[in-house]
Each structure stands twice: as C-alpha cells, then as structure tokens.
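Combine both chains into one complex, guided by the hints.
Top to bottom, those sequences are chains U and S. Residues 1 to 131, numbered by my numbering, are exactly what the first sequence covers, in order. Residues 1 to 152, numbered by my numbering, are exactly what the second sequence covers, in order.
If you're looking for bench data, these hints aren't it; they were derived computationally from the structure. C-beta atoms are modelled at their ideal positions from N, C-alpha and C, and glycine is treated no differently. Hints may contain errors.
Computed footprint of chain S on chain U; a stretch qualifies when at least three of its residues, placed anywhere within it, have a C-beta under 8 Å from a C-beta of chain S [claimed, not checked]:
{"no.": "1", "stretch": "25-34"}
{"no.": "2", "stretch": "43-56"}
{"no.": "3", "stretch": "61-69"}
{"no.": "4", "stretch": "118-124"}
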Amino acid sequence: MKSAARDPRGLATLEATLMIAMLVPLLFAILEFGSALERWLSQDAATVQAARYAGEVGGDTPEVRGLLADQLRGSGIDPSAVSIEIVPARVGWREPVRVSVTSQHPIAIPFLFSTMLPLRSSAVGRGEVNR
Amino acid sequence: MAAITTALLLPLLLLVLAGTLQLGALRVSAARVRAAADLAALIAVNDQDEAALARTGEMRLAGDAADVAREFFARELELSAPLLAAAPAEVAGAAEIAVYASAPATDPRTGARYDRPTVRIAAEVPLRAPVFGVLAFDPVIVVNVLAVSSPR
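Chain S on its own, in the form it takes in the complex (with noise of 0.2 Å):
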C-alpha cells in the first residue's frame, strides 16, 4: 500500500523537485543580473570628468556617464543573455539610468541622498522559467534591479 501510494505521489514529488531546482535556478539569474547592474554602475562612475578633477580638485562624473552605464549594462546582460526573457539591448534601453553629476542630489525614485557623484540604474529584467509555464504558472518572471554606485 506504501509503494502504491508513493508510486502515485512520484510525479507529484517530481513536479516539486522541478519547480525547487527553477526557484534555485531563478535566484542565480536574478544575482547575475544584479551583479551586471552593479557593475555597469561602478564602471560608469569610473568615468570621471578629469579635466574638472584637475581644475577644482572635485570628482564629477564625466558627460557621457549615463551612456556607459547603459553599454555596460547591455554588454553584461549580453553574458547572460539565454537567462533572459528579453533581448539585453532592449532591456538595457529600457533601464532608468540617474546620473546625478555633482552632490549632494536627492534621488527622485527612491527618496535617497546622495553625498557624492552617482548613477543609479533601475531596470525591470525578464528572466525564462520554462518550468513554472508546464506547472501552469508564468514562464517569465521579472526581477527588479536598483544598483548605485559613488566614488570613495
């Protein structure tokens, strides 16, 4: 009776075990596209005005700060690209990047205070869980990014 019950339960048991290794699966994706918008914001706060650094001795993000952080954004996406739902230029071009020049600025989205030069970027990313669309669930999932970065 044990084994008749069990043997009933095994594509239960299974769909479980499929539906635990997406949600494991999910988490990775979620932190790789995390860590692509992290990155993406450190680069472009990398991008320093220096010809305003050597004439006032103050860090300013350079013009085109925004722009980098976008590419770069969508070069790191581009990495991760069959985890996503969405083309990585598209869910780059989509980003909402802030870039706030010089300090101290108040981030509309968040409320935050920033007491340096900063770019944040906000992005919406799709990600493919082709195991929840079988259990009847939606195959997409879209995780919500928020990276700011300042320089020290």
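Same shape as in the complex, but just chain U (with noise of 0.2 Å):
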C-alpha cells in the first residue's frame, strides 16, 4: 500500500491529463478561430465580387445569386446555409446597392464550450445599368 502511494507513474499520468486539459482547448482556440477567419476572409470577397456584379446588372437578380453561391462554394461555405440580403432588388443608374451576407460557423472548444459564430460581410456597389 505504502510503495503504491509513492510509485511516481500514477503522478505522471495525472500531471499529463492535467497538461492536456489545459493545452488541447488552447491548441483547438487557434485551430477553430483561425477556420473562422479564414472563413470570413472567403465570405468578404465573395460579398464585394457580388456587390460590384449586382450594380453592373442592375440589383437583385438569379445571376447575382448564382456568382455568389458559385463563390462561396469555392471557398467551402454551403450556400443553402448563408442568409443573403441585395438592397435596393432593383438599382438605378449611379445608386448604391448594398450586398449582405450573414453565415453561422461553428466553434467547439474541447472542455470549454461550443457555440455558433456569426460571419457577417457586406460591401456597397454603384448600379451601372441606365434604364
């Protein structure tokens, strides 16, 4: 019983669990923070790519759409899970045209918490269509 207590493995094996609670949700923070940015870098310059495209055709149209899902695709974003919003849907000539896109991406840090956390991008177009 006595050489049991002392036997230094047990206190090794508790000090790297410990170790372990305390660096793997440290080393999960970079991992799913930097997935988040990397995400939002992606959503960014597909929303201005939108914004530009939307004043050229004149607003809210299933092209608009299409370039942006065909864009966030690419990046990895499902498009079916992002909410997009085109203000006005029908732009005059040389009149702003705003291009929203809000998506939810998931954190999960081991031992802390999980959560979603919300992208939002949005970038400003001239229409350039003289109805």
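This is how it looks when you write it as structure tokens:
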C-alpha cells in the first residue's frame, strides 16, 4: 500500500492529464478561430464580387445570387446555409446597392464550450444600368 | 512538477493565444479596408464622361470621379465601422485621391505610369486592436491602403 502511494508513474499520468486538459483547448482555439477568420475572409471576398456584379446587372437577380453561390461554394461555404440580402432589389443608374451575407460558423473548443459564430460581410456597389 | 509548470505558463499561453487571434482579426480588417478602397476606385473609374466618349471615342473619367471615389470609400468603410478607430467619413475625407482623367500620366506618389485614365486612392486607415492594448501595445494599428483602377 505504502509503495503504491509512492509510485511516481501515477503522478506522471495525472500531470499529463491535467496538462492535456489545459493545452488542448488552447490548440483547438487557435485552429477553430483561424478557420473562422479564413472563412470570413473568403465570404468578404465573395460579397465584394457580388456587390460589383449587382451594380453591373442592376440589383438582385438570379445571376448575382448564382455568382455568390459559386464563390461561396468554392470557398467551402454551403450557400444554402447563408443568408443573403441585396438592397434595393432593383437599382437605378449611379445608385448604391448593398449586398450583405451572413453565415454561422461552428466553434467547438474541447472542455470549454461550443457555439455558433455569426460571420457578417457587406459591400456596396453602384448601379451601372441606365434604365 | 510538469502540471505546475503548465499552470504557471497558462497565463502566458493565453496571452499568446489572444495575440494570435488579434493578429488574425487585424488581417481580416486590413483585407476589408483594402477591398473597400479597391471597390471605391473601381466604381469611380466606371464613372465615365459619356459625352467625351461619344464625341472622341476615347475613355475619359467624369469630372466627379474623385468625389465618387471618396463617397463610396466612405460608404464601404461604414460597413466596417466597428473595426475602425476613426469615423469612416473622417478616414475617407483624409484619403489622398488622385484622378488621372487622361493618359498617359505618371503618379508622383508611387512613380507608376498609367496608360489609361486612372483613379488612385491612398489612405491611412486606423484599425482597433483592443487585445494589443491589454498587452501594453498600441491599441490602434494604422494600415496603409493603396488602390488603383483603370478602365479596360
């Protein structure tokens, strides 16, 4: 009994467990937030392209939504899980048109929490169609 | 002993994590303001002098191209206002916007030669970095933005 209590192997296992419990969340936080930031960058870039195109074709058209869906899909984002707003739906010549994209990115940190992080992107284009 | 060392180092590791995330957020912010300037320059370049185009067949920027560039730069920055350490209108107002309505032209700031009518936006955009402030660094990081656009 006395020798078992002094066995250093048990202590090492306990220490390793405690270290893992502290270090793994840190590692996952870097990976998860890095992934979220990368996705946010991609979503921003797609939104800018869509705003530019919305101005060119005159507002909220299937072509704009198609382009946005393609760009998002190419960045690994499911377009069906994304909220898209194009205001106004029909833009006049030299009027501003705003494209907003919102998606939810799951963040899961072991031993701490898991949540959905909203990623919002917006860009303004200018109507180029002289109606 | 290892667990105690890790526990003692944990605050330091958390600071490193916070700094890393702040750097990542700054990268996103910088990309946003660069995209804002790019889009504003592009929109201003599309503002063609149609009378001159019909008369001469040559592309020439409209007289209000600089105003359009500034207005849309402010509009784009407004969408990222929480990331900025100054008002979007203030940043756009202080931006150096140069319009080269006819080509060829040489940009005295960059030395670049433009073969087409060009709009160039140069701006210093202050970005908020609150975590750096906590870490005793400057909580405001200034990003230099340069956007150039010419019609094709």
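We went through each hint and held it up to the structure:
no.: 1; hint: 25-34; in the structure: holds (count 5)
no.: 2; hint: 43-56; in the structure: holds (count 6)
no.: 3; hint: 61-69; in the structure: violated (count 0)
no.: 4; hint: 118-124; in the structure: holds (count 3)
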